[in-house]
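K.L.:
Here is how the chains run, residue by residue.
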Amino acid sequence: MNELSEFFGRRIPAKAAIPQLGAGMLAVQPVGQRYRCQRCQQWLAPTDRLPNGAWYCRQCLEMGRLTSQTKLYTIPEPNRFAIPAEPMLTWTGTLSDNQQRAADAVLHLVQRRQNQLLWAVTGAGKTEIVYPALAWALARGWRVAWVSPRVDVCLELAPRIQQAFRTTSQCLLYGEQSIPYAYSQLTVCTTHQLLRFERAFDWIIVDEVDAFPLATSPLLQGAITRAEKTTGQHLYLTATPGEALQRQIRRHTVATTYLPLRYHGFLLPRLRVRLAWRWREALAKHRLPPALIRRLRAYRQAGQRFLLFVPHVRDLTTVMAALRQADICGGVGVHAADEQRTAKVQALREQRVPFLVTTTILERGVTFPNIAVVILGGDDGVFSTAALVQIAGRAGRSADFPKGEVTCYVQSQTRTVRQAQRMIDQLNRQGKQRGGRWP
Amino acid sequence: MTNCVWCQQAFQPRVTLRDILTWRPLPVPPLCTRCQDKFTPITAQHCPACGRQQETIAVCHDCERWGTAALRNRALFRYDAGMKAYMQQYKFQGDYALRKALQAPLQQALEQENYDVLVPIPIDQQTWLTRGFNQVTGWLRGQPYQQALVVRATHKDQPQSAKTRAQRLLTPQPFQLDPRIASDLVNQRVLLLDDVYTTGRTLRHAATQIYLGGAKAVTSLTLAR
Ligand SMILES: [Zn+2]
Ligand SMILES: [Zn+2]
Ligand SMILES: [Zn+2]
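Sequences listed follow chains Z and G, in order.
The opening residue of the first sequence carries number 1 in the numbering used here; numbering runs sequentially from there.
The opening residue of the second sequence carries number 440 in the numbering used here; numbering runs sequentially from there.
Read the hints as simulated data drawn from the structure, not as lab findings.
The C-beta atom is built at its ideal place from N, Cα and C for all residues, glycine as well.
Possibly wrong hints are sitting among the right ones.
Only some residues are given here: those of chain Z computed to face chain G with a beta carbon under 7 Å [what the hints assert, rightly or not]:
hint	residue
1	Leu50
2	Pro51
3	Asn52
4	Ala54
5	Arg65
6	Val254
Here are some of the chain G residues that sit facing chain Z, going by a computed Cβ distance under 7 Å [claimed, not checked]:
hint	residue
7	Tyr535
8	Pro544
9	Ala548
10	Glu552
11	Thr569
12	Phe572
So that you can see chain G by itself, here it is in the shape it has in the complex (with noise of 0.2 Å):
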């Protein structure tokens, strides 16, 4: 028996043949078969462009607004209520225990990315003091990063998710490189983490620094879109 870490309720995890003849210790999943499945994946039909699940493999509608401001993007699971609730207490509530339940899922993930330098998205100093954590880094287990982006001291602004879709796209240049790190970037491949992809504008954003900074290519994976 083991603690699910988002319900807390006692739950027996499922042990498979496979598990018992590979010998090693067993993984303990940190959530309850009810809470994984609050959870839905993106399936192999989403968007080429932003990761965004759909009924084709067609770049989206939203994707082909940006035109020639291309980034490749993709994404885990869909913002739905259950993502959106997690979200809520993980980061909103500012559980970090809750960082957990998605940590294996995004570590198949970033296993299966092309990539020579993960950059996450930072938060800013304010963000820091009253949450105490990066939520974005929070879902790593020890895969090695780059703190490459800050946020810059003069962004004083209301978070994204309080922003209509306009307002979203019309926000100013929110990052800058941070000089010591800046080296690293040269011709490299460098894979942008965040949360959830709203409008992209973010994310194009932290690629344009990027790019400045000398990376040959940028792509972006998110855990919502």
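Excised from the complex, chain Z in its bound form (with noise of 0.2 Å):
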């Protein structure tokens, strides 16, 4: 592809001049009394000035700063891609019938240029319910892109996409990584990514649309919509839509296929709650509930792998020290801006490493073959009822091992608490009418 290409469906500046991009627009531009980021569509403060009198974007920075000095080009999306005549799904696996009747259901819709919601369970299988229609979609020769708020997702997803589709052009995108862009006909990347795209994507699809920060983000939101053609439309996936996103359900106001099985057939795991009393002022006395200690010791004892989520950062390298206090030893601890975060992960999946604890950031987009689920604290704010239900998503998704225990110590029953429950009992209901059982 030439040097042109890169300006396909985005707007960006340019690192050389380049007649046939034509004159640009101003990346920071006056309008009325104050000043507007062309790229991320956020307003100036009016002290975002530097000294030599350029105005500069402080909401998008991490992308490259911009000022009112800096152009930003665009050519329009020409959808310039090498259509192979063999089928363009080499994913060799099986869907399962409920997951097969949810793939017709969504390539009819994408068929009808809908905007629609896949509502599938955590272990549902909810990429590859979407393959039959992503490959109807690129055959077709259209631009996609597969995007999701959290990087870890893109990370997982990026590699399964690849081999899915192994003759499509496709590029990874994501904030620190260090491979250059590249015109695609399929682009993953994170809801940021965006940002660098104008009217580029005939279909895009948002993994975990109801993940942080995209759901409280105008911005991420903005993006996904500038990034869309006029004549575009948008696929969302998730496993726990919010309650904006459950309200446009109810009132059918947004097409959606619904899955309450995971794809193996088997009842999701229910959330258990124990009473642990007073556990934060036992925390801060660096000691845990008695009967958590008593469950992780029987796990380390039966070579039973977990997860032990914590609500705060801070709360990690106390909860680690009681551990070994009570000789729970060999785990490690995990948080967001934790560097050895994809590291410390791969050692739990191929058990160098017994156990982590975990603050939220682990609640999705990772999997484990045969993983107990425990939760220190679940009554804090920090826990979602989407959390929880995601976090309880973790136990239990292999078919080789379909039961999880997932155990929440509380201080007291919160309402999240018991929203979280009867949210993963309701789709248990659901799922058993479609055939599913316990294991």
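Both chains come to you apart, so use the hints to assemble them.
P.N.:
Below, the structure is given as structure tokens:
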């Protein structure tokens, strides 16, 4: 591809002058009395000014600073892709009957150019459910983006999609990567990266649409809208739709495909709640609930790997120390800013460590074949209903180990915890109607 | 409530009893405590020559190697992961707003220094065009200074941060005196101001030129070491 392809469907600064790009537009422009960034569409503060007189945007600074002296260039998306004659889908797996029905529904809606939502429980195999529709879209020469607010999700997804669509040009984009951008038919990226695109995609698949920070960020929601062609459409994927999305589902304002059963046909592990009197005060004195200790010891003796979720980063060291004190050793702590996060997750997967103590950062996007899940302080505010359902959804995902234990220690039964239990039970009731059974 | 200039989270500034009793507008702190804690102040146990944090108060090994080319430097914070993250965003990403984060500690430090003329280390023309500000003068809040040094026009060079220690030590003189300001240096005690003391090469080049201008003493202050 020539150097111009970098500008197809994007709005980015040019490193050198290229005559074919035309005049371009100023990256930061005056609108009335204020200045506005043309990449992230946020307003500048009156103080966001440099001594050389230029205005600069702080909101999208980490993507490279834009100032009122920067110019952005774009070339309308030409969909210049080579479409092979053989089938696009090189995935050799099979879908269960329930998955196939959902896949047909998603394909049908794409063909009718409709925006849609796929609500499938954790472990339903929602990625594979999208494959037939994606194959159809790619065969038509559509440019497609598969995006997620979570970089972990993108990193896990990219190699799978690469394998499933081997003949399709693909690129993976996220914050700290070093691989340069390449014009591709299929882009896997974080929602943040969409800020560099404009009217590029015929179809955008938004994975984990309810995940932080997308759900609360108008900036990122705007990025999706602008990256989509005016004739384009999108598919939201979620296991735990937020309240706004649930309202839309009830009112039938979004076309929804619903799959309440895991791919292996077993029901979701229930969220067991255990009272732990004043766990927070005890933790301040470096003590863990005795029942929790007993459970974790039993897991260690049985060789059962587990994830222990704690509310905050600052709790990690205390909990790790208390575990050592209780002779529960060998695990490691993980949090969002942890540079070794991926390596630690991999270590647990390969059974090199027996357990991870983690914040909500591992609530989604990670899969371990046989894992027990324990939550300390499920009544803490950081655990939303969706977070608890997602965390519980880490257990029992493998067909070989469909039975997973999920135990949540709380000072008292809060509304959030009860709602999470209710959501899981409700999904299981519907799962049963589709032939789901207890492991 | 106010917003932290670095992480942009809202926070409640700590108010002490003395703040209330002094009856004047409270200074709004630029950083939340979490971001403030990313900086590690250098304690009294530091090298008296370069200001590096260490176990003793003896001249450190690196300074001994400079021998007679002595320069007394004082540094405020350690150049650790937190400071590097700050410099990355402020200097390299060009987030000018972050200058506010270190203005107060710098002001305090300047008040404790004995000098007549403050000379910030300059940036070259290309950096001025791309970055749009001098990261050193960004930390000043109206304290008077003289831009007595300019980067030589012929000085085309990769940034200091991209070099090894050995390469840095071989860097040729990058500065020259601004003739319009040079006379203001005669018989003055000059304090050089820079962001990071790494090998001391840059500051010594600057000091050499300042002495040529007739200064009677040159010391330096850096934000980090
Ligand atoms: Zn912006
Ligand atoms: Zn902060
Ligand atoms: Zn020293």
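K.L.:
Taking the hints in turn, state whether each one holds.
P.N.:
Now for the hints, and whether the structure bears them out:
{"no.": "1", "hint": "Leu50", "verdict": "4 Å, holds"}
{"no.": "2", "hint": "Pro51", "verdict": "5 Å, holds"}
{"no.": "3", "hint": "Asn52", "verdict": "4 Å, holds"}
{"no.": "4", "hint": "Ala54", "verdict": "5 Å, holds"}
{"no.": "5", "hint": "Arg65", "verdict": "5 Å, holds"}
{"no.": "6", "hint": "Val254", "verdict": "32 Å, violated"}
{"no.": "7", "hint": "Tyr535", "verdict": "5 Å, holds"}
{"no.": "8", "hint": "Pro544", "verdict": "20 Å, violated"}
{"no.": "9", "hint": "Ala548", "verdict": "22 Å, violated"}
{"no.": "10", "hint": "Glu552", "verdict": "24 Å, violated"}
{"no.": "11", "hint": "Thr569", "verdict": "9 Å, violated"}
{"no.": "12", "hint": "Phe572", "verdict": "5 Å, holds"}
In summary, the structure is inconsistent with hints 6, 8, 9, 10 and 11 from the numbered list given earlier, while agreeing with the others.
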